[in-house]
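A.B. asks: One letter stands for each residue in the lines below.
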Amino acid sequence: MSGSALFIAVFLACIVEAVEALTIILAAGTAREWRSTLLGLASGLLTLTVIIAALGPAVSSIPLGGLRLFIGGLLLVFGLQWLRKAILRASGNKALHDEDLIYRTQLAAAQAAQSDRRAFVTDWYAFTLSFKGVVLEGLEVAFIALTFGSNQHNIPLAAVAAASAVLLVAIAGVAVRAPLARVPENTMKFVVGIMLTGFGVFWGVEGAGGDWPGTDAALLVIIPVIAAYALVLVAVLRRRAAVAVMPADTRIADQAGAVS
Amino acid sequence: MIRGLRSFGAFWYDFIVGDDWRVAVGVVLSLAATWALSASTSLAVWWLVPVAVIVLLPLSLYRLTRANRR
Numbered sequence: 001m002s003g004s005a006l007f008i009a010v011f012l013a014c015i016v017e018a019v020e021a022l023t024i025i026l027a028a029g030t031a032r033e034w035r036s037t038l039l040g041l042a043s044g045l046l047t048l049t050v051i052i053a054a055l056g057p058a059v060s061s062i063p064l065g066g067l068r069l070f071i072g073g074l075l076l077v078f079g080l081q082w083l084r085k086a087i088l089r090a091s092g093n094k095a096l097h098d099e100d101l102i103y104r105t106q107l108a109a110a111q112a113a114q115s116d117r118r119a120f121v122t123d124w125y126a127f128t129l130s131f132k133g134v135v136l137e138g139l140e141v142a143f144i145a146l147t148f149g150s151n152q153h154n155i156p157l158a159a160v161a162a163a164s165a166v167l168l169v170a171i172a173g174v175a176v177r178a179p180l181a182r183v184p185e186n187t188m189k190f191v192v193g194i195m196l197t198g199f200g201v202f203w204g205v206e207g208a209g210g211d212w213p214g215t216d217a218a219l220l221v222i223i224p225v226i227a228a229y230a231l232v233l234v235a236v237l238r239r240r241a242a243v244a245v246m247p248a249d250t251r252i253a254d255q256a257g258a259v260s
Numbered sequence: 001m002i003r004g005l006r007s008f009g010a011f012w013y014d015f016i017v018g019d020d021w022r023v024a025v026g027v028v029l030s031l032a033a034t035w036a037l038s039a040s041t042s043l044a045v046w047w048l049v050p051v052a053v054i055v056l057l058p059l060s061l062y063r064l065t066r067a068n069r070r
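Protein chains in written order, with this note's numbering: chain A, 1 to 260; chain B, 1 to 70.
Excised from the complex, chain A in its bound form (with noise of 0.2 Å):
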């Protein structure tokens, strides 16, 4: 794989995990106090960091073949679950991620929590809605920039994708001030439950013996075929969302002009 499939992955995966963050760091600044939302933030990446620490050099020193195996499990399993919740957002059977309204529910809750003191921390709603916010989200992005990272012996990359996402929501949401509801996200997850299924499903085969044909040039099958054949499953579960709110009659009318 190329690095630039490395970098495009990642960054993308991050992009969208970072505007998450951003809107929950907003909601919990604006309606609580900065302070403490920004100290919760600094406690976050903290933690993040010393996550990471730990975590990639012990990825790093598993053997490649049992490496690609695991992390390819890994992503396989974490991919299909991206994907699955994609196809259903853009086949109308789950709701599309919305962060004007992740917004002013976050705002709406952070204003009417109450206020509580604890030791240097003014705000400890504000502080842990932050915490809990980049910690989670920043999880995600670790785990695919460890993952595909040290799979293609290329952490540092990995981790400039990564940063360099992070820094362009950053930038953008300080610019802004308001969380970026004009980044297209369901399209990006789409796009990121493809990449991940892809990689899983061609590293996983060669962490577990398997011999592709054209092998790392196979990447450029197994992706979009898994992008046309998620496109399909869309199509077909919207065809089926439709049937289902359709009157019976019109069904019965439907049917018999199909046999017809």
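You may find that some hints are simply not true.
As the list claims (entries may be wrong) - Calculated lysine to aspartate or glutamate pairs in the DMTMM-like style (CA-CA distance at most 25 Å, straight line): (1) A:LYS85 with B:ASP19; (2) A:LYS132 with A:GLU99; (3) A:LYS85 with B:ASP20; (4) A:LYS85 with A:GLU140; (5) A:LYS132 with B:ASP14; (6) A:LYS132 with B:ASP19; (7) A:LYS94 with B:ASP19; (8) A:LYS85 with B:ASP14; (9) A:LYS94 with B:ASP20; (10) A:LYS94 with B:ASP14.
What the hints assert, rightly or not - One-sided and incomplete, this derived list gives chain B residues near chain A with beta-carbon spacing under 7 Å: (11) TYR13; (12) ALA24; (13) THR34; (14) SER38; (15) VAL45; (16) TRP46; (17) VAL49; (18) PRO50; (19) VAL51; (20) SER60; (21) THR65.
Hints were generated in silico from the structure; no laboratory data involved. This structure is a prediction, so every number in the text was calculated from the model and none was measured. Cβ atoms here follow ideal geometry from the backbone N, Cα and C, with glycine treated the same way.
On the provided structure of chain A, position chain B as indicated by the hints.
C.D. replies: Just chain B now, with coordinates in the frame of chain A:
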């Protein structure tokens, strides 16, 4: 302590496996079958995991959409 460990495990389970454990089981079985076949035969085994994905994905979607409609 035990409650903490349980919630830690539950977090990672939800993070990686999510709402359909059958997909994870299917992936593990397909990888194990690929490994067993590649170790014991000279047959091409690369197709096993893609076939598993082709089968598992719509089955999981069907289960979830059916559950949502109930």
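A.B. asks: All the hints need checking, so say for each whether the structure fits it.
C.D. replies: Comparing the hints with the structure gives:
1. For the hint pairing LYS85 (chain A) with ASP19 (chain B), the CA-to-CA distance comes to about 10 Å; that is within 25 Å, so the pair holds.
2. For a cut-off of 25 Å, the pair hint linking LYS132 (chain A) to GLU99 (chain A) stands: about 17 Å separates their Cα positions.
3. A threshold of 25 Å between alpha carbons decides the hint, and for LYS85 (chain A) with ASP20 (chain B) the separation of about 11 Å falls inside it, so the pair holds.
4. Between LYS85 (chain A) and GLU140 (chain A) the alpha-carbon distance is near 15 Å, which keeps this suggested pair within the 25 Å criterion.
5. Using a Cα cut-off of 25 Å, the hinted pair LYS132 (chain A) and ASP14 (chain B) holds, with the two alpha carbons roughly 16 Å apart.
6. Taking the CA atoms of LYS132 (chain A) and ASP19 (chain B), the gap is near 21 Å; set against the 25 Å cutoff, the hint holds.
7. Between LYS94 (chain A) and ASP19 (chain B) the CA atoms are separated by roughly 14 Å; this keeps the pair inside 25 Å, and the hint holds.
8. For a cut-off of 25 Å, the pair hint linking LYS85 (chain A) to ASP14 (chain B) stands: about 14 Å separates their Cα positions.
9. The suggested pairing of LYS94 (chain A) with ASP20 (chain B) holds, with an alpha-carbon distance near 15 Å, which does not exceed 25 Å.
10. Of the pairs offered as hints, the one joining LYS94 (chain A) and ASP14 (chain B) holds, with about 18 Å between alpha carbons and a cut-off of 25 Å not exceeded.
11. For TYR13 (chain B), the interface hint is violated, since its Cβ never comes within 7 Å of a Cβ in chain A; the closest pair sits about 11 Å apart.
12. Because the beta carbon of ALA24 (chain B) sits about 5 Å from the nearest beta carbon in chain A, less than 7 Å, this interface hint is met.
13. For THR34 (chain B), the interface hint holds, since its Cβ comes within 7 Å of a Cβ in chain A; the closest pair sits about 4 Å apart.
14. The beta carbon of SER38 (chain B) is positioned within 7 Å of a beta carbon in chain A (closest approach about 3 Å), and the interface hint is therefore held.
15. Using the Cβ-Cβ criterion of 7 Å, the hint placing VAL45 (chain B) at the interface with chain A is satisfied: the shortest such distance is roughly 5 Å.
16. Interface restraint check for TRP46 (chain B): the shortest CB-CB distance to chain A comes to about 4 Å, inside 7 Å, so the restraint holds.
17. A cut of 7 Å between beta carbons decides the hint on VAL49 (chain B): the least distance to chain A is about 5 Å, and the hint holds.
18. Below 7 Å, beta-carbon pairs count as interface contacts, and PRO50 (chain B) has one with chain A at about 6 Å; its hint therefore holds.
19. Given the 7 Å rule on beta carbons, the hint for VAL51 (chain B) is violated: about 10 Å separates it from the nearest Cβ of chain A.
20. Among the interface hints, the one on SER60 (chain B) holds; its C-beta lies about 6 Å from the nearest C-beta in chain A, closer than the 7 Å criterion.
21. Hint status for THR65 (chain B) relative to chain A: holds, with the closest Cβ pair at about 5 Å, below 7 Å.
Checked against the numbered hints listed earlier, the structure breaks hints 11, 19; every other hint is satisfied.
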